[in-house]
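Participant: Each chain is listed here by its residues.
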Amino acid sequence: MIIVPCPNCGPRNSGDLRPAGEVVPRPDPSTCSLSEWREYLYMRHNPADWVTETWYCRGGCRRYFTIERNTATNEIRGQEAS
Amino acid sequence: MSETTMQSPVDVGPLSASDGSVTLADAYATTKVQVRAGADTDAAAALGVSYGSSTRSADGDLVCGTRPDEWTIYGDPGRSDAIAATVPTEGFVTVIDLTHGRAMLRISGSNATAALSKICNLDLSDELTPNGAVFSGSLGSVSCDWVRDDQGGETSFLVSCERSFGRFLFIAVADACTEFGLSVPHGWELHAH
Chain C
0 MIIVPCPNCG
10 PRNSGDLRPA
20 GEVVPRPDPS
30 TCSLSEWREY
40 LYMRHNPADW
50 VTETWYCRGG
60 CRRYFTIERN
70 TATNEIRGQE
80 AS
Chain B
0 MSETTMQSPV
10 DVGPLSASDG
20 SVTLADAYAT
30 TKVQVRAGAD
40 TDAAAALGVS
50 YGSSTRSADG
60 DLVCGTRPDE
70 WTIYGDPGRS
80 DAIAATVPTE
90 GFVTVIDLTH
100 GRAMLRISGS
110 NATAALSKIC
120 NLDLSDELTP
130 NGAVFSGSLG
140 SVSCDWVRDD
150 QGGETSFLVS
160 CERSFGRFLF
170 IAVADACTEF
180 GLSVPHGWEL
190 HAH
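Protein chains in written order, with numbering that gives the first Met the number 0: chain C, 0 to 81; chain B, 0 to 192.
In case anyone wonders, no lab produced these hints; they're calculated from the structure.
Just so you know, not all the hints are guaranteed correct.
Unchecked claim - Among chain C residues calculated to face chain B with C-beta under 10 Å, some are:
| # | residue |
| --- | --- |
| 1 | Met0 |
| 2 | Cys8 |
| 3 | Gly9 |
| 4 | Pro10 |
| 5 | Arg11 |
| 6 | Gly14 |
| 7 | Arg37 |
| 8 | Glu38 |
| 9 | Trp49 |
| 10 | Thr53 |
| 11 | Cys56 |
| 12 | Arg57 |
| 13 | Gly58 |
| 14 | Gly59 |
| 15 | Arg61 |
| 16 | Ala80 |
Said to hold, decoys possible - Away from chain B, derived, C-beta distances all over 10 Å, residues of chain C:
| # | residue |
| --- | --- |
| 17 | Asn7 |
| 18 | Thr65 |
| 19 | Ile75 |
Each residue gets a CB set at the ideal place from its N, CA and C atoms; glycine is no exception.
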């Protein structure tokens, strides 16, 4: 079990939230190449290190927020409403 | 808004442990009015509570800060029009009667918290959820809106969920209460015996 700190609801069991994955910069779809768009949609770095992730507080405030999580230790630092 | 005659998904009367330590009752008929409004609107100012807390209005309705920029007002049955009329609607404001669409139950008593904790991963201690606390979280794997609304000094929670989950939720909570002496009517057991 991971305790994830929601900026609105406080510490919550991760079962009450939904991970929405790494934060990836969104390219401008009107100017980027198909390759860049594909990379944005499907490709993730997935390092065994600190990653900035988006989470959705589906059981509580129903807001998206970002955290930094160490994927190797599940340690969490920093939280910010999206 | 008009009053809609709907049947509760829970068709059993209040259930109570013989020693009165836990009581479970259907509260479906409770009027439930949802207000969504920007923080800078007259409605937000008039409702007067922020996310996570509740207050009683002059009319006796329970005004709850359910989520950021979202409130739910609970009142006696048949009061949806009266409650909606009290909310200023200038600006980016929506007022919706959710009475028919949300099941609700009230669980009270000295063992209410212990019973709920069996099927809930939220910390329901007095420190984190004092009387008047408003929060959301899963109960028996059902997404619910909660209000700690003590009655006569006795611990009491109002819990609401989508109507279609109401019967399951009531049975799941009743099942959790059996350890504390509550008898579940035949046909309402969560687990086959």
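Participant: Hint by hint, say whether it matches the structure.
Facilitator: Status of each hint after checking the structure:
| no. | hint | in the structure |
| --- | --- | --- |
| 1 | Met0 | holds (8 Å) |
| 2 | Cys8 | holds (7 Å) |
| 3 | Gly9 | holds (8 Å) |
| 4 | Pro10 | holds (9 Å) |
| 5 | Arg11 | holds (7 Å) |
| 6 | Gly14 | holds (7 Å) |
| 7 | Arg37 | violated (34 Å) |
| 8 | Glu38 | violated (33 Å) |
| 9 | Trp49 | violated (26 Å) |
| 10 | Thr53 | violated (17 Å) |
| 11 | Cys56 | holds (9 Å) |
| 12 | Arg57 | holds (7 Å) |
| 13 | Gly58 | holds (5 Å) |
| 14 | Gly59 | holds (5 Å) |
| 15 | Arg61 | holds (6 Å) |
| 16 | Ala80 | holds (9 Å) |
| 17 | Asn7 | violated (6 Å) |
| 18 | Thr65 | holds (16 Å) |
| 19 | Ile75 | holds (17 Å) |
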